[in-house]
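The listed protein sequences derive, respectively, from chains A and B. The opening residue of the first sequence carries number 1 in the numbering used here; numbering runs sequentially from there. The opening residue of the second sequence carries number 1 in the numbering used here; numbering runs sequentially from there.
The hints are simulated quantities; they were obtained by calculation from the structure and are not laboratory data. Do not take every clue at face value.
Stated by the list, open to error - A few chain A positions that, by computed beta-carbon distances, are all more than 10 angstroms from chain B:
# : residue
1 : A201
2 : I217
3 : L265
4 : R296
5 : L304
As the list claims (entries may be wrong) - Footprint (simulated), chain B over chain A, 3 or more residues, beta carbon under 8 angstroms:
# : region
6 : 36-47
7 : 79-91
8 : 134-140
9 : 150-158
In this text the structure is predicted, and so the values were computed from the model without any measurement. Cβ atoms here follow ideal geometry from the backbone N, Cα and C, with glycine treated the same way.
There are 2 protein chains.
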Amino acid sequence: MRAERALRDTHIRLAHGNGGRMMRELVDGIFVPALANPLLDPRVDAVALPCEPGQQLVVTTDGFTVQPLEFPGGNIGSLAVHGTVNDLAVCGATARYLTLGVILEEGLEVALLRRVVDALAAAARACKVSVVAGDTKVVGRGECDGIYLTVTGIGFRPSGGTLGLASVMAGDSVLVSGPVGDHGAAVILARQEFGLHGELASDAASVMPQARVLMGIPGLRFMRDPTRGGLATVAHEIARATGLAIHLDEARIPVRTAVRSVCELLGFDPMYLACEGRLVAVLAPQAAEAALDALRAFAPQAALIGTVRPGPPLVELATAFGGRRLLDELDDDPLPRIC
Amino acid sequence: MRAERALRDTHIRLAHGNGGRMMRELVDGIFVPALANPLLDPRVDAVALPCEPGQQLVVTTDGFTVQPLEFPGGNIGSLAVHGTVNDLAVCGATARYLTLGVILEEGLEVALLRRVVDALAAAARACKVSVVAGDTKVVGRGECDGIYLTVTGIGFRPSGGTLGLASVMAGDSVLVSGPVGDHGAAVILARQEFGLHGELASDAASVMPQARVLMGIPGLRFMRDPTRGGLATVAHEIARATGLAIHLDEARIPVRTAVRSVCELLGFDPMYLACEGRLVAVLAPQAAEAALDALRAFAPQAALIGTVRPGPPLVELATAFGGRRLLDELDDDPLPRIC
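So here's chain A without its partners, still in its complex pose (with noise of 0.2 angstroms):
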């Protein structure tokens, strides 16, 4: 037998797929070492989980292609963490366990590799969440680009909530935790290489302590973080579901002056452009102070941005001039590989 080795290459071969030797080294010398935990081996197919008494079991799965790999403030393995967590945490769940099912491409730099799983670690460790099950193919060059990852999130709730869709009602209000559309703006500054990107990073964080928060407060019905397709197409989300209109405030929703000014150059509408560290929640009107209030304390630009009102189902902006304009769903407008 062999003994152990280390990982010596400083490119992804073929071969690190294989399901050998050569794989045996990529898995030992990059992910255990990054996301080592005492639920993780690699010499497993599948890993038992302890559930939690009287706790409901929560699933999420969500892939990520983001171009570049890395980009102002995250790269592809911090995002995964995020994106996979904040989905837990918008449906009232804390996250414990992530899998993670990487696809990397032939002639892939090792050390490229290697930041994107430190980074994912990172997170990870900084979520309290751990990696339990893990799976690497290897692709040929030009199968893929550079790294995809496609992470399960698992969490757990406790039984009997109401949290949902199904819980809002004309009257109630809409909330955002944040500034829209850095992380957008943050990507597509990082492809386009304007040299603009000094002061715009992505917003990609856990929202995990402001979805707690708001989860003690009475009247919260719903939370959903405005991933691809931004604030607008959660709020189409809400009115398709529900049949009710959403009216939201410009003057009162926060974006930066930096995303302003990409948006500006470019022809984008923050109101559409990717958030990865922001929650939207509808909250009944008289909780919204509040949870204005206990927002504030993680996140100071946290703001009332509009309202819920008997359909018919649209979403309409009141503009910072007075007028009102509709803001359609996203139709086709690409902004592929975002997240």
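Following the hints, position chain B against chain A.
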């Protein structure tokens, strides 16, 4: 508001991944009808699942990048279900839920996607598992090769079993549930377009019935499905984890004539070719005959193929000609995208 509209496109466009109307049409037009079940709700970010009292939660994840996407005996959709269900089965768990991460290439034929999703749905129904959460991303032409899937499987098993590598000991018997290498050989042939694949099809199928029967045999130590790297790689995993030697008897290992021919023609060794519908089991020697009898009801070609012996950890094959050869760990012998 636009009325709901069926998917009209014949090919995938980047905008099918943008989070807006076109993505909704793709999800509602293809995924939701095929995969419909009471837990699947495309409007929510995460799904709540019932924990089963007295049971352990068991989780696995697997990526699928097989090329070609369709091959004799299945396609990437059915393969993804069987591969994931099998990882749970060999851990003694009953698969219950799947999550589905999809990465699509711009320009993919929608008709092909539909065949894949339909096969995935049919396999899931046959395996009695529900797809409860999903995510779809679209990347540009040349940034993936048609369709990549990442599936997470969630199952349950009774608490307190001893199934696992730690239970394997010298003297144990090694069984395989049927002929090895069918999947690998079928995929290689489908790639090569030799026109030879008339009688050769992938073995991709659920091994849940076989695993469940074996779970009822006292003396069962360990099960594993021999996928990437084949039977030899499973044997190496056992040897490495236990410090014991695995002796295999070539004359007893079932290999179809067609698989043998492909291997001779193209220079592959069936010991290293992937199966997707077989399991390898290690049992106490006195349990082997009972296990074989029980298995043969489902798997007529199940065979007792070897024994576990005192170390050093190596994998040795008693050849059909009376010699012995060491089966090395699979090294730089890439067979990329076999699953």
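Q.
Run through the hints listed earlier and report the numbers of any the structure violates, in increasing order.
A. none
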